[in-house]
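In case you want the letters, here they are:
Protein chains: 4
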Amino acid sequence: MAGSTFGNIFKITTWGESHGKGIGVVVDGCPAGIPLCEEDIQKFLDRRKPGQSRYTTQRKEEDEVEILSGVFEGKTTGTPISMVVFNKTQRSADYSEIASYYRPGHADYTYDMKYGFRDYRGGGRSSGRETIGRVAAGAIAIKMLSMMGISVNAYSRAIGPVEADMDKMDLAQCSENPFYIPDAQAAQKVAEYAKEKMAQMDSMGGIIECVVQGMPVGAGDPCFEKLDANLAKAVMSIGAVKGFEIGSGFATAKATGFENNDAFRMESGKVVKETNHAGGILGGISDGSNIVLRAAVKPTPSIAASQKTVNQSGEEIDVSIKGRHDPMIVPRAVVVVEAMTALVLVDALMANMTARVDSIVDFYKK
Amino acid sequence: MAGSTFGNIFKITTWGESHGKGIGVVVDGCPAGIPLCEEDIQKFLDRRKPGQSRYTTQRKEEDEVEILSGVFEGKTTGTPISMVVFNKTQRSADYSEIASYYRPGHADYTYDMKYGFRDYRGGGRSSGRETIGRVAAGAIAIKMLSMMGISVNAYSRAIGPVEADMDKMDLAQCSENPFYIPDAQAAQKVAEYAKEKMAQMDSMGGIIECVVQGMPVGAGDPCFEKLDANLAKAVMSIGAVKGFEIGSGFATAKATGFENNDAFRMESGKVVKETNHAGGILGGISDGSNIVLRAAVKPTPSIAASQKTVNQSGEEIDVSIKGRHDPMIVPRAVVVVEAMTALVLVDALMANMTARVDSIVDFYKK
Amino acid sequence: MAGSTFGNIFKITTWGESHGKGIGVVVDGCPAGIPLCEEDIQKFLDRRKPGQSRYTTQRKEEDEVEILSGVFEGKTTGTPISMVVFNKTQRSADYSEIASYYRPGHADYTYDMKYGFRDYRGGGRSSGRETIGRVAAGAIAIKMLSMMGISVNAYSRAIGPVEADMDKMDLAQCSENPFYIPDAQAAQKVAEYAKEKMAQMDSMGGIIECVVQGMPVGAGDPCFEKLDANLAKAVMSIGAVKGFEIGSGFATAKATGFENNDAFRMESGKVVKETNHAGGILGGISDGSNIVLRAAVKPTPSIAASQKTVNQSGEEIDVSIKGRHDPMIVPRAVVVVEAMTALVLVDALMANMTARVDSIVDFYKK
Amino acid sequence: MAGSTFGNIFKITTWGESHGKGIGVVVDGCPAGIPLCEEDIQKFLDRRKPGQSRYTTQRKEEDEVEILSGVFEGKTTGTPISMVVFNKTQRSADYSEIASYYRPGHADYTYDMKYGFRDYRGGGRSSGRETIGRVAAGAIAIKMLSMMGISVNAYSRAIGPVEADMDKMDLAQCSENPFYIPDAQAAQKVAEYAKEKMAQMDSMGGIIECVVQGMPVGAGDPCFEKLDANLAKAVMSIGAVKGFEIGSGFATAKATGFENNDAFRMESGKVVKETNHAGGILGGISDGSNIVLRAAVKPTPSIAASQKTVNQSGEEIDVSIKGRHDPMIVPRAVVVVEAMTALVLVDALMANMTARVDSIVDFYKK
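Residue numbers (the working numbering), protein chains in the order written: chain S, 1 to 366; chain D, 367 to 732; chain E, 733 to 1098; chain L, 1099 to 1464.
Here chain S stands alone, though its shape is the one from the complex:
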């Protein structure tokens, strides 16, 4: 079953595995007329590339993007935009051992069972490198959203037990520390926590939060295509994400209706909400407030500490995963959450244009 396509109107199809010839994406349904060049994409890819700090993998990958189609004279043409990052260094040798056993917390076992065999080099299609295509496509979506006055910003809300203090929230801080956390003090605490865990050859999880500002009312749908449902799928489809919540999320389970309902009031002639427990979505449709979502990211499964597992011959063995792995996934996944969020929004905003017959009649009167 084809599972590498996402979106209805603004549709992306990703391809590529960790140690193949390259990784790429085809963006189809992108409207014509968006100014676009490789630099627009590259700056997003640079945020997820490895080797940026001692807290991410020490592999050096340049991840340079090339646009192969769909842009002419500096603007999107409305036809498919194909983008590729060629893999420059292919060190299959590093991975030869893991071909024979199933790494705990990885997809080795399920791939073998499903497909009969697997591309074991660097995780193949289950590698974090699969997200390159998502980020490249998301960069276009984010550019398009910005033309409409909509911004999408994600950051580390927590890493391990250390949580950012949202009262000190400062987005500018994110690029000042290697954890993409918007609170300088928390960054320091994370550094200490990370030092300890890295010494133990262990790894860390965390929580990514994403805030969308400037969202118009009306995007989304009443039933299965609820905006939050699609955001959930988008974010949960990122490897290592194990939980998703919108607005107050799991906290609403303990709240009462009186506490959780957001009162409506008027502000400069516009309907606004006094609070935003709903996270910007009511009945599956954007309500004009900020959209706020969170993703729980599990700790990197590849750890150097010794673990029990089985090999393909069915023998129980002890393994210690070698190689240069991220001790935490969160900082590099922040931009992936932004990308997936933007893709859902762009799709929903375009879909919403046909919600009323009057808009359609008007469009063709011109």
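Treat the hints as calculated values from the structure; they're not laboratory data.
With a straight-line Cα cutoff of 20 Å, these simulated EDC-like cross-link-like pairs (lysine to aspartate or glutamate) come out:
(1) D:K731 to L:D1460
(2) E:K1097 to S:D358
(3) L:K1186 to S:E66
(4) D:K674 to S:E274
(5) L:K1368 to E:E1047
(6) E:K1097 to S:D362
(7) D:K409 to D:E428
(8) S:K322 to D:E625
(9) L:K1119 to S:D40
These figures come from a predicted structure and were not determined experimentally.
Using the hints, position chains D, E and L against chain S.
Structure of chains D, E and L alone, referenced to chain S:
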């Protein structure tokens, strides 16, 4: 944009609003040969029907299902199965007042903005009654899963601050208390909590947990159609659900790799996992362990306590929502979570049959 | 595999078999604000209902449509519109014999092989009654198109060897003769031809032509979703249609480029085409000229004359199909071709609204 | 609206324009385990590459395919297969003039209207080079079909007024003449006809026929996803195709039921049809006979003879299209028809595996 269809191979399309002529669903892509009668569906609908206890709405609705197509001589024919529950009592009068203002926590405002007007009777399409179609379709999916030895069971894991003690977990308890909670002692505590909140004309939230047993390895996909991503969308598309997690979910954010990785080992010649933090899914593909997921359900937004809001003329007003509303959504939503879970599983299991060319060649050799 | 849903944005799902409880359709993605009542639908259904003349089946079916959802205060709400025609007379007895053998030219054999058994009453899902849902949905699409100044008119271009003289083309004639042919003289010739064939207990085929006037430029897509490709699928999905052509169609195979190219020229400041061999579509996108398409319809396979076939036990037998069958399918299929054409156009026109980023930015500025 | 993706289970997404950096395709949903190398693809691309004879364009393009992902150790892995043909020579200069006017019979005008501008180099996305991706993907589908004993063969049935004599039909002849016509005598007549038209700076159309042998019973669907409907869409989505028919096609319009019905009979214990007017499909489902379809291909619109048109400033002008254009499209389009046919079949065959619940239960019992 069409948003009332769910699934790829086993595809359902729901229709109907709270106070219209009826509510229904068309199930398309259901395999031929499943023994099916109305009683198979009715027993699931009965679990969500109102008026079952003092903790759910006191409205009396029979919700009797009729199968209109797709079944012949007691078996599904492989063609669309249309099912309908006709609304017997249409009390539009009860709802005339709410037409003029926006209920906090409801979709009134977003519907008006998106579509230009709304069917204000009983919430129209945003009513909980929309789930009737999901449950009816889910009943068929569950029946089909049972033919493959797979069971799907959901229950209240928590209501408000009261959590079930999973060590005392007893599924049989669920039908013994009005909260569908598998722990008799917890049920008692919920009763007390509910009494207090109902006296305050307030409402309660909670957490639903769903466990799938007997799931084969291999269902799901490596990328956007990850099994957990589709489960997330399915469950988050249920009105009032604000959070989703799989396996250890948000707890993994605080765990380390060593703690969170599930070691593989052999058991009677089969690969199994020592723990199940992954919740039965690795790399988006079922791993043969139980699938375990949780949904955070917000408190019922319709409360009798006085709240602030605005009306369609842009005036700020105080409102107190009348009518017979559920003080908690959780107990009636349990069966909806089961239904949505089953729909995703059936679809993924069918999709998985084409994962290997050998299986396809074999199929047509016969 | 689910195969009863058609369309991307304006999406319909049909259900029901000939002798089941009813036949229906769910229209999802229909924009809000279209004035709609049952009479709007009924007038289209009446054009396909049986018993209208001696040249169609003598069965009497009222085919009264009921709208069950999606319309409030006389307008579409933007949520799914469910429509049903309940079968009033269920004469399964008439069909008991055909359960045992495979009617030539029918789907009996392929259904049995695919599904293991079939609903043999009146052809089950393969019955012409399946088109009721298409026509009901198409009626909404046609109403929406008329709000945009677009008309869709189909008619019999030929029945058997008798072709309408397009120089005498008079649409008003269609309702004056039982063949829906826009040429009074041709109608007379068809009557003679039909008399002869009916006396021989044989049946007739023909060609349906459909013309769309007022179509704006821009609907359709460059690649797989070419407007003509979708029209082809839509029309070829009608039972008994064996061929499809757009514009000059098969005649272009014999033409040269010079003959076949439509020269562009200016007319009152607008680009127009001097001829319309292209049939209103260039490169898969509507060019502003009339869209002209044709469908080849095979003769009714159910004939009273004796034919050879085999039964389920694998014995060769002679059969003579009893019952009141249409001696020709064409006249009743005309409205089905209109419906399917309209559905494709509505979908393409909505999709086209997101072709340029400027339109999207403008839409949300308001 | 995204329109460059085709198929449900075996899904392809094409990208690229005539004079961009390259042309490619992503094949998603391809089963694991198919032996695949670049040579398997190249031999199909070679059949559509230009410069093969004096009757096709004299441009020299090598069209060398590279597989970028989805194949490991010589076998497909079940994950997306990305293939690309890089454009080696980019002669934009040749096309600078046509930027300013609308070529008759081309998509220049509709692209400009839809998207606001167009990539005018060599037709951009509307170029015949777009089919490279289809053929590359189709090569995989054809390989997979051959593993199941199914063959797909297309050929020129007619070019201009010259038709192949099907009694002398000899597939081996196809590669012996530049027209891909399976009749040596007809080839000679086409050569004469072509000589005449080329001297007149004019172009020719024709008819492609495709025959599928070894097709099992059961692929396809009763309603919108009828096998013939999907074949129609697939084939009509090829640029220049203006008509489609299955089996006896348009000829059935003049036939009677008695003439057109294919009698069933027994042959070595199997149900077969005495004739095959149906073209191998009954009720939208394959019946086990050969599938036979035809496509009408218009004459190349680019001709050197002088034509009338308008330019972007709205002036009426005379143009003569320069450059090295195919005097006929048919011979190079033959392999494209094979590719599109194979893609539909593979998809339908995989979908059919879930038609019966027994097959599903059996699959998971193993």
